[in-house]
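**Q** Here the protein sequences come in this chain order: A and B.
Read in order, the letters of the first sequence correspond to residues 1 to 354 in our numbering.
Read in order, the letters of the second sequence correspond to residues 355 to 708 in our numbering.
Treat the hints as calculated values from the structure; they're not laboratory data.
Okay, the calculated beta carbon distance ranges per label pair: (1) Ser-637(B) - Ser-349(A): 25 to 33 Å; (2) Glu-335(A) - Ser-637(B): 28 to 36 Å; (3) Ser-637(B) - Pro-166(A): 55 to 63 Å; (4) Gly-655(B) - Gly-241(A): 54 to 62 Å; (5) Glu-683(B) - Glu-240(A): 45 to 53 Å; (6) Ser-703(B) - Gln-224(A): 51 to 59 Å; (7) Glu-661(B) - Gly-241(A): 56 to 64 Å; (8) Lys-546(B) - Glu-335(A): 28 to 36 Å; (9) Gly-655(B) - Gly-206(A): 41 to 49 Å; (10) Arg-614(B) - Gly-206(A): 35 to 43 Å.
Ideal placement from N, C-alpha and C gives every residue a C-beta, glycine not left out.
2 protein chains.
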Amino acid sequence: MNLPEVTRQASPWVRESGPHGDVVLSSRVRLARNVAGFPFTNRASDVQRQELLNACRESIFQSPLAERLIWVDLLESSKQDRQILYERHLISRQHSHGQVPRGVVLATDESFAIMINEEDHLRIQVIKAGLQLDDVYAKADQIDDLLESRLEPAYSAKLGYLTACPTNVGTGIRVSVMLHLPGLKITGEIEKVRRAARELNLAIRGFYGEGTEAVGDFFQISNQTTLGRTEREILRDFQEGVIPQIIEYEHNARHALAERRSTLLEDRLQRAYGLLTHARLLSSEEAACLLSYLRLGVGMGCIPGVELTTINELFVLIQPAHLQRIAREKFTGDERREFRARFVRERLSGPPSN
Amino acid sequence: MNLPEVTRQASPWVRESGPHGDVVLSSRVRLARNVAGFPFTNRASDVQRQELLNACRESIFQSPLAERLIWVDLLESSKQDRQILYERHLISRQHSHGQVPRGVVLATDESFAIMINEEDHLRIQVIKAGLQLDDVYAKADQIDDLLESRLEPAYSAKLGYLTACPTNVGTGIRVSVMLHLPGLKITGEIEKVRRAARELNLAIRGFYGEGTEAVGDFFQISNQTTLGRTEREILRDFQEGVIPQIIEYEHNARHALAERRSTLLEDRLQRAYGLLTHARLLSSEEAACLLSYLRLGVGMGCIPGVELTTINELFVLIQPAHLQRIAREKFTGDERREFRARFVRERLSGPPSN
Chain A
1 MNLPEVTRQA SPWVRESGPH GDVVLSSRVR LARNVAGFPF TNRASDVQRQ ELLNACRESI
61 FQSPLAERLI WVDLLESSKQ DRQILYERHL ISRQHSHGQV PRGVVLATDE SFAIMINEED
121 HLRIQVIKAG LQLDDVYAKA DQIDDLLESR LEPAYSAKLG YLTACPTNVG TGIRVSVMLH
181 LPGLKITGEI EKVRRAAREL NLAIRGFYGE GTEAVGDFFQ ISNQTTLGRT EREILRDFQE
241 GVIPQIIEYE HNARHALAER RSTLLEDRLQ RAYGLLTHAR LLSSEEAACL LSYLRLGVGM
301 GCIPGVELTT INELFVLIQP AHLQRIAREK FTGDERREFR ARFVRERLSG PPSN
Chain B
355 MNLPEVTRQA SPWVRESGPH GDVVLSSRVR LARNVAGFPF TNRASDVQRQ ELLNACRESI
415 FQSPLAERLI WVDLLESSKQ DRQILYERHL ISRQHSHGQV PRGVVLATDE SFAIMINEED
475 HLRIQVIKAG LQLDDVYAKA DQIDDLLESR LEPAYSAKLG YLTACPTNVG TGIRVSVMLH
535 LPGLKITGEI EKVRRAAREL NLAIRGFYGE GTEAVGDFFQ ISNQTTLGRT EREILRDFQE
595 GVIPQIIEYE HNARHALAER RSTLLEDRLQ RAYGLLTHAR LLSSEEAACL LSYLRLGVGM
655 GCIPGVELTT INELFVLIQP AHLQRIAREK FTGDERREFR ARFVRERLSG PPSN
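Could you put together the complete structure from these sequences and hints?
**A** Okay, structure coming up:
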């Protein structure tokens with residue numbers, strides 16, 4: 001199957017600015033679930049995996065969710081399609097590279113995705129723009145209820161939800177927020193945030209989650225363990241405690257930069273804008289770095305005429321698989337850098353043509 | 355005295371594009387002359403120097419040249435005025451820093467300058483835009499004749515004109531051409547030109563002549579010795595031999611760059627343009643480097659809407675003393691970098707307001 005034309009744009013939640021959109025790109029809740037009576041994915045045979053896959057897929061498509069769903073069989077998908085799903089944060093790296101029968105159910109508006117046969121049988125993931133974890137959790141909980149009425153979960157009265165990895169046992173929830181923290185990065189205070197997060201037993205990761213670097217000064221903050229605390233407690237910590245605190249730190253850092261070294265900062269931001277609108281070759285690393293400065297400049301009101309959401313979308317679309325999809329061509333590295341530079345220039349010089 | 359308001363612009367010959375203006379910024383002829391009956395400047399007492407100064411000044415201002423001349427007494431001039439004359443290539447570094455009675459006579463259109471009490475009693479210098487050495491020499495020769503009819507030159511029938519340094523003995527002529535050679539610099543072939551020049555006994559120097567670095571890929575090529583050859587021979591070598599050859603090398607280098615690595619080159623040129631039109635802080639070194647790329651881009655037709663002469667003028671006006679004169683303020687280093695960036699941005703975004 002081919003992913004629809006919609007992949008020439010970023011996901012809808014990237015193209016809107018949610019609450020605290022200057023700092024918070026997105027809120028995400030992921031629930032890990034397994035189906036009773038089937039071995040965990042990594043201990044199952046391919047026959048068992050296929051059976052589980054069929055059962056889950058049928059249950060989901062028989063549920064009231066079915067109306068606006070897309071099914072993607074990842075074993076049959078092209079490498080480019082899998083890469084695109086990964087670049088859109090709809091599947092994990094592991095799920096894009098796997099060799100076993102597996103798939104993903106997507107909402108047509110990409111507001112949620114259900115991976116089947118990832119580390120757990122089911123990974124329900126809901127994403128929204130900005131800081132709105134309560135809404136995100138409510139949606140995930142609703143999907144979970146709909147599935148549980150059709151698929152009996154692996155559940156222990158003592159431990160809660162059983163999962164392939166012990167760190168997920170209990171609620172099976174992972175709450176994560178994608179933050180844009182260029183101010184803290186420039187002032188060096190990001191290290192303080194890292195230390196504080198470690199003490200609170202939170203993980204700080206890069207743009208693509210586990211094991212990835214911070215691309216474009218984006219940092220994903222998420223809970224590490226789920227045992228012994230309720231979903232509501234974990235959510236409240238994030239929504240009312242940790243995340244507002246980091247947003248305040250980031251705002252303070254931006255203010256301090258603007259006051260102490262305003263010209264130096266404006267120089268950096270404007271140079272980034274100048275390079276993005278003039279370069280003829282752009283690597284993805286340089287583009288992400290420059291876009292981060294541009295996003296900071298727009299967030300601080302220094303660069304008029306550019307929307308935050310345009311920049312958010314560029315972060316997604318400048319990635320290799322997306323660029324090839326947009327160009328409908330196979331690229332060499334140089335061609336890709338050239339196309340990326342042209343694409344960024346055109347997007348920043350006006351509204352998208354489609 | 356204060357240098358006139360005209361110093362808020364570059365010299366007229368900088369603001370016009372002469373023959374081969376894409377490569378040749380200017381042609382210059384300098385004649386070294388001494389007045390019979392006075393010791394050389396470096397061997398004279400200050401009383402003798404003042405006498406020589408008065409005699410020369412009077413003779414010049416009694417000549418038909420007088421109508422459009424400015425007299426600048428450098429011992430009484432402000433440091434900023436002296437620096438401005440140096441930045442405009444109207445006096446040498448030595449002459450701007452000297453401690454002895456000395457001065458310079460300037461044509462109001464800055465097409466020539468006569469330094470008094472530099473290394474020699476008189477240094478007659480004529481400059482024009484582009485490659486037009488014959489015209490430049492004709493003018494220098496005319497001035498020389500006018501002065502010789504009033505001041506007897508130190509001259510030996512055997513050696514020719516006598517000068518303080520033996521390298522100038524004979525014709526006392528130095529012919530020099532300021533070339534913009536970014537193509538040869540990028541391809542590395544500038545080293546070949548350096549070697550060839552050494553073999554031809556020519557000097558390659560930087561933007562400010564003797565002992566200076568190549569700023570903005572400008573190279574000044576001049577003859578080294580004057581003994582045993584006539585002025586006409588030296589001129590013909592330059593006008594018909596050496597310089598056209600280097601211009602051809604530079605054109606070939608630009609063609610090769612455009613053909614072999616067109617996107618890479620365009621990327622560099624456009625990035626320079628983007629930075630010049632967006633940076634909020636610019637050091638003189640970075641500005642010169644970026645302006646050199648911009649000049650190359652304009653010369654190659656890649657960057658429309660910018661005139662070569664605008665860039666030529668910027669090379670002069672972004673220098674420290676000129677910037678202070680334009681701003682009418684004393685700057686710290688940071689303020690100067692900020693003012694320089696704003697000035698460059700404004701000049702490149704439209705015609706000068708004055």
